[in-house]
Amino acid sequence: DAKTTQPNSMESNEEEPVHLPCNHSTISGTDYIHWYRQLPSQGPEYVIHGLTSNVNNRMASLAIAEDRKSSTLILHRATLRDAAVYYCILRDGLVRSGTYKYIFGTGTRLKVLA
Amino acid sequence: EAGVAQSPRYKIIEKRQSVAFWCNPISGHATLYWYQQILGQGPKLLIQFQNNGVVDDSQLPKDRFSAERLKGVDSTLKIQPAKLEDSAVYLCASSSVGGSAKNIQYFGAGTRLSVL
Numbered sequence: 001d002a003k004t005t006q007p008n009s010m011e012s013n014e015e016e017p018v019h020l021p022c023n024h025s026t027i028s029g030t031d032y033i034h035w036y037r038q039l040p041s042q043g044p045e046y047v048i049h050g051l052t053s054n055v056n057n058r059m060a061s062l063a064i065a066e067d068r069k070s071s072t073l074i075l076h077r078a079t080l081r082d083a084a085v086y087y088c089i090l091r092d093g094l095v096r097s098g099t100y101k102y103i104f105g106t107g108t109r110l111k112v113l114a
Numbered sequence: 001e002a003g004v005a006q007s008p009r010y011k012i013i014e015k016r017q018s019v020a021f022w023c024n025p026i027s028g029h030a031t032l033y034w035y036q037q038i039l040g041q042g043p044k045l046l047i048q049f050q051n052n053g054v055v056d057d058s059q060l061p062k063d064r065f066s067a068e069r070l071k072g073v074d075s076t077l078k079i080q081p082a083k084l085e086d087s088a089v090y091l092c093a094s095s096s097v098g099g100s101a102k103n104i105q106y107f108g109a110g111t112r113l114s115v116l
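Chains as they are written, first to last, in our numbering: chain X, 1 to 114; chain P, 1 to 116.
Bear in mind the hints are in silico, worked out from the structure with no lab data behind them. Cβ atoms here follow ideal geometry from the backbone N, Cα and C, with glycine treated the same way. Treat the hints with caution; some may be incorrect.
Said to hold, decoys possible - So, partial list: chain X residues that the calculated Cβ filter (under 8 Å) puts toward chain P:
1. T5
2. L39
3. P40
4. Y46
5. Y87
6. Y100
7. T106
Unchecked claim - Sample of chain P residues lacking proximity to chain X, with all beta carbon distances greater than 12 Å (derived):
8. E14
9. V19
10. D56
11. D63
12. R64
Next comes chain P alone, as it looks inside the complex:
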C-alpha cells in the first residue's frame, strides 16, 4: 500500500512570495489533515477535511493560507504572501473513518519551507 505522498520536499522562497504544497493521501482515506511543524515544536493542525468538505480550520491563518480538496482525494495548501514566520515543515496526513485502523493518522514526509 502506497503511503501519503507530498511534494515538493523542500522549498525556498523570499518573503511576500507565494508557495503551494501538494498532498496525495492513502487511497480510500476520507480524512486529510495539514499540519505546520515549527522547529522544536510538535505538529500544529491547520486544517482537516473529510472527503471534500472542511471539518476544522480554526487554526488556519485565513488571511494568507488557503487549502482545497476539490475531488475529495488530493489536496493543495497555499500561502500567499509568505512571511518569515511561515518557515516550517508542512505535514500532510490521512486516516480512514472505518475499519480496524479507524482514526489512525498516516503522515507524509513533509515539505520543508524556508522563507528568506
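Isolated chain X, as found in the complex:
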C-alpha cells in the first residue's frame, strides 16, 4: 500500500499559488519524498524530491515539515498546463544496492481555472 495520503482533488485559479499537501506519518529517517505529476494521456514526470530541507527547482518548491511527517508541493503561479494528477511517493524499500521500489497512490487531481 501507498505510504502517503493526499486529497483526491483540488482547484486553483490561474496565476495563483497552489499548495498541494501530503501526509507521510510512517516515514523513516532515510526516506526521500518524491513528487511526480501526470498530465492527461502522458506518463508521469518527475517534479521534485527532498529529504529534510526545503527544496526549490524551476518547476516547484517542496516544503518539508520539521518532523517530516508531512510535506507540501508549492506551484508558485499555476497555469492551465499545470492541470494534472500530482503524486507524492516515498521509496518503499531497497530491492538491490542503489535501487529502490516506489509505490504510487491515487494522487491529487489539480484543476486550474482560467
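With chain X's structure known, arrange chain P on it following the hints.
Chain P in isolation, oriented as in the chain X frame:
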C-alpha cells in the same frame, strides 16, 4: 537526450489473445520498470529490472504476464492470454543508479491496451 520509447501506443485485442509491449529506456539507465495503470488509479509496479536481472516481480501475475530484458537494454512485456481486466495503460520507466539523477524515474508515454 532521447526519452523512454514505448510501442505500440494503442492496442486492441480480444480476450484470450496474446499481446506484447516494447520499451527502450534512456541510454545508460540500469533500472527499468513496468507499471500497469488502470483508469482512475495510480501506476502499479509490475516488475523492476536492474540491468538484465529481475529485482522485484512480486506484483506480476506470473500465470499470464512475462517480461524480459535479455541484453540489459530494451525490454518486452507480454500478456498471454489476456483477460478483460488487463485493459489499462502499461507504462515503462527507467532510472540510473548513480549521479545527481539517481533513482529519478523517467516514464514513457505508455501503451493503452483495450481487451474486448
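Hints, one by one, checked against the model:
1. Because the smallest distance between the Cβ of T5 of chain X and any Cβ of chain P comes to about 13 Å, over 8 Å, the interface hint for this residue is violated.
2. The restraint placing L39 of chain X at the interface with chain P is violated, with a minimum CB-CB distance near 10 Å, outside the 8 Å limit.
3. A distance limit of 8 Å between C-beta atoms decides the matter here; for P40 of chain X the minimum to chain P is near 12 Å, and the interface restraint is violated.
4. A least Cβ separation of about 5 Å between Y46 of chain X and chain P falls short of the 8 Å threshold, and the interface hint therefore holds.
5. With its C-beta approaching chain P no nearer than about 6 Å, Y87 of chain X sits inside the 8 Å limit, and its interface hint holds.
6. Checking Y100 of chain X against chain P: minimum C-beta separation of about 6 Å stays under 8 Å; hint holds.
7. With a cut of 8 Å, the hint placing T106 of chain X at the interface with chain P holds, because the nearest CB-to-CB distance is about 5 Å.
8. With a minimum CB-CB distance of about 24 Å to chain X, E14 of chain P clears the 12 Å threshold, and the non-interface call stands.
9. Listed as outside the interface, V19 of chain P is consistent with that label: its C-beta sits roughly 19 Å from the nearest C-beta of chain X, beyond the 12 Å cut-off.
10. Non-interface status of D56 of chain P relative to chain X is broken: a Cβ of that chain comes within 12 Å, the nearest being about 5 Å off.
11. Listed as outside the interface, D63 of chain P is consistent with that label: its C-beta sits roughly 22 Å from the nearest C-beta of chain X, beyond the 12 Å cut-off.
12. For R64 of chain P, the shortest C-beta to C-beta distance to chain X comes to about 22 Å, beyond the 12 Å cut-off, and the non-interface label holds.
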